[in-house]
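Participant: What follows is each chain in one-letter form.
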Amino acid sequence: MSTILTISDLTKKYRHADGDIYALNKVSFAVDKGDFVTITGSSGSGKTTLLLCLAGLIQSSGGTVQFQDFTITSASDSQLSHFRKSKVGFVMQSFALIPYLTAAENVMLPLAQAPMSGRQKQTAADEILRLVGLENRKNHLPKELSAGQRQRVAIARALINKPELILADEPTGNLDPTLSTDILDLLSTINKTQNLTILMVTHSPMAAAYGNRKIHLKDGEVVA
Amino acid sequence: MNLTKLVWLEFKYHKSQLITGLLAITLGVAVIVGIRSVSVVSEKAVAINLDNLGANILVLPQGANVDNYYTADIDAPTFPEAYVEIVATSALQGVDNMSPKLTRRITVRGQKLALTGILPKNELASKPLWQKSGLFGAGAKASCAPGAATDNGAYKDEKLLRKSIDAIEEDECILGSSAAQRLQLKENDTITLEGGGFKVAKVLTETGTIDDDRIFAHLHTVQRLLGIKEQVSAIEIMGCCNAITDGLLSKLRNLLPDTKITTIGQIVATQVQTNKLMNKVSLVFLVIILFVGGVSIGNFMWANVNERRKEIGMLRMIGFSKGVIYRLLLAKALILGIMGGALGYIIGTGAAMWLGPQFAQLAVQPLPQLLPAALAIAAVVALLGSAIPAYLAGKIDPFINMQEE
Ligand SMILES: Nc1ncnc2c1ncn2[C@@H]1O[C@H](COP(=O)(O)OP(=O)(O)OP(=O)(O)O)[C@@H](O)[C@H]1O
Ligand SMILES: [Mg+2]
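Here the protein sequences come in this chain order: A and B. Just so we're aligned, residue 1 is where the first sequence starts under the numbering used here, counting upward by one. Just so we're aligned, residue 1 is where the second sequence starts under the numbering used here, counting upward by one.
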């Protein structure tokens, strides 16, 4: 197993008038390619902050994050944009779909600037929508889809650029238990069939059970 | 799916909001195009009028201004036709020719036109003083009046045609080209004007002046029909230039103390001044309107950006750079600007064509050369107004969807 992500002494300090907050404090762990990592911890323990640092969406205060041979913590803004566009897929609690785009169009969004023909993009979207079981909903607007279906569209959008890493922040947080299981099964399938590395933040022990690696955060620190 | 399609789909989705974004810029461009369309025509009209009038002195009622002469309002003042006689019998040196006129705006078949009563050559010429002199004789070489030379320009020939209307019967009328078109009349047709029946004796060819919207008829018929007995609204006088410098004007003023006597030069100067003022006003308008239009589009774009914060944050998160966000928003602004410019051009031109004939007796034509300018100005204004909202959109946190509710 090759290491895909190395996090060493990652620290994120928020300055605040009431005293500095260490949202992350010397977090270190490594992720192998194909791992399904679940990150748990109570509210405010730093889970979201960790994902943001891994994606280079916020600047860390100390430590390094290394993705293969790319050092996220010292990359420029445009390098990070490129990194997110080509290597990372995001799935969020709020599905963050664009209301005026159909399912297929939302899925194609990450390819907007890709040097592909419209037909190629369409084919890619069809393929991914079939994977998430929505091939017959591709021309539906988000408002015409159920919550579970919306999250599937979001997952399809995260997959279309063939990323190497999926970062998911409570992807089942807005879904009832049955739907949650569906989505978790889907993520698990993708993890296994495509050997795609997933880091998933979750509150639910049931969801956490899906991971083969479990990270638990407490006050910004990893507890075993 | 590409960036253009993304802009377009968003644009369509929010089209119900468009009216607020477009209102100011559209109205702004409309006002500018409208003013410009009218003033271009009126500038041309001045130039042609000067050349075409064939007279160089105007006798107007005391209370009248030059605008009354052009627009012929319903309550425009008049003075007795007998003044023609006074001048004619005064043996004043240097008066080559006279033409009394009574003009009123009338509505015929729903069309607003000017009805002008004139005395035909044969009746004026019957007056002893005119018999041997001036314009009605061998062409218009009699005087130094502007445009009186007989060169070969087409409309000058037409002018001479009109000026030398030999005879017009009391039940005949002569139509300007545009008047004939608007009333759908041709020669030998009949028409009722102000309750009197007329035969169309002639349709004049186009001159590009307000005369195109005029109906000429016999002065005495017009007086009778309008109930303005023995009154006229102007006397056009052809005076010799030397005589004018020798004090012909003051002699005329002594002769007709309760009238206003001006030279065409003065009238044209006034009109040119009015046009200059119009241009200045439209420049001020331009600046104000562009400012208001820019602010209004900027405000609209800012509302749009705020409504789309999560969407923009998500795009940033999945790897759209700030530059791409700017492009998305400025492309939208460009569409807005071009739409506003085009709509403004259409509305402004339409308004000028509709209002021009009603208020200024000017037949306004669309000016296609204003369209590119309207589009360019509106586009630039829209882009400038949207610069700040676009810049702020680039600053939206890419992780907004992860941290906010
Ligand atoms: N922008 C910020 N400024 C200051 N403090 C912040 C900021 N963002 C997060 N924090 C603090 O950092 C800590 C970790 O926040 P984070 O969002 O990572 O928690 P979390 O584990 O994702 O919680 P939850 O399960 O509720 O989503 C919290 O104590 C929070 O108050
Ligand atoms: Mg969180």
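Please keep in mind that the hints were generated in silico from the structure rather than gathered at the bench. Heads up, a few of these hints could be off.
Claimed, not checked - Dumping the calculated SDA-like pairs for lysine to any residue here, alpha-carbon to alpha-carbon at most 25 Å:
hint	chain 1	residue 1	chain 2	residue 2
1	A	K85	B	S321
2	A	K85	B	T4
3	B	K310	A	L80
4	A	K87	B	K322
5	A	K162	B	P372
6	B	K5	A	K26
7	A	K26	A	K162
Claimed, not checked - To give a feel for the contact side, a few chain B residues facing chain A, derived at Cβ under 8 Å:
hint	residue
8	D171
9	G319
10	Y326
11	M339
12	L343
Because the structure is a prediction, the values reported are computed rather than measured. Glycine included, C-beta positions come from ideal geometry on N, C-alpha and C.
Participant: Are the hints correct? Go through all of them and say.
Facilitator: So, going through the hints one by one against the coordinates:
{"no.": "1", "hint": "A:K85 / B:S321", "verdict": "10 Å, holds"}
{"no.": "2", "hint": "A:K85 / B:T4", "verdict": "19 Å, holds"}
{"no.": "3", "hint": "B:K310 / A:L80", "verdict": "19 Å, holds"}
{"no.": "4", "hint": "A:K87 / B:K322", "verdict": "19 Å, holds"}
{"no.": "5", "hint": "A:K162 / B:P372", "verdict": "46 Å, violated"}
{"no.": "6", "hint": "B:K5 / A:K26", "verdict": "45 Å, violated"}
{"no.": "7", "hint": "A:K26 / A:K162", "verdict": "31 Å, violated"}
{"no.": "8", "hint": "D171", "verdict": "69 Å, violated"}
{"no.": "9", "hint": "G319", "verdict": "3 Å, holds"}
{"no.": "10", "hint": "Y326", "verdict": "13 Å, violated"}
{"no.": "11", "hint": "M339", "verdict": "18 Å, violated"}
{"no.": "12", "hint": "L343", "verdict": "23 Å, violated"}
Checked against the numbered hints listed earlier, the structure breaks hints 5, 6, 7, 8, 10, 11, 12; every other hint is satisfied.
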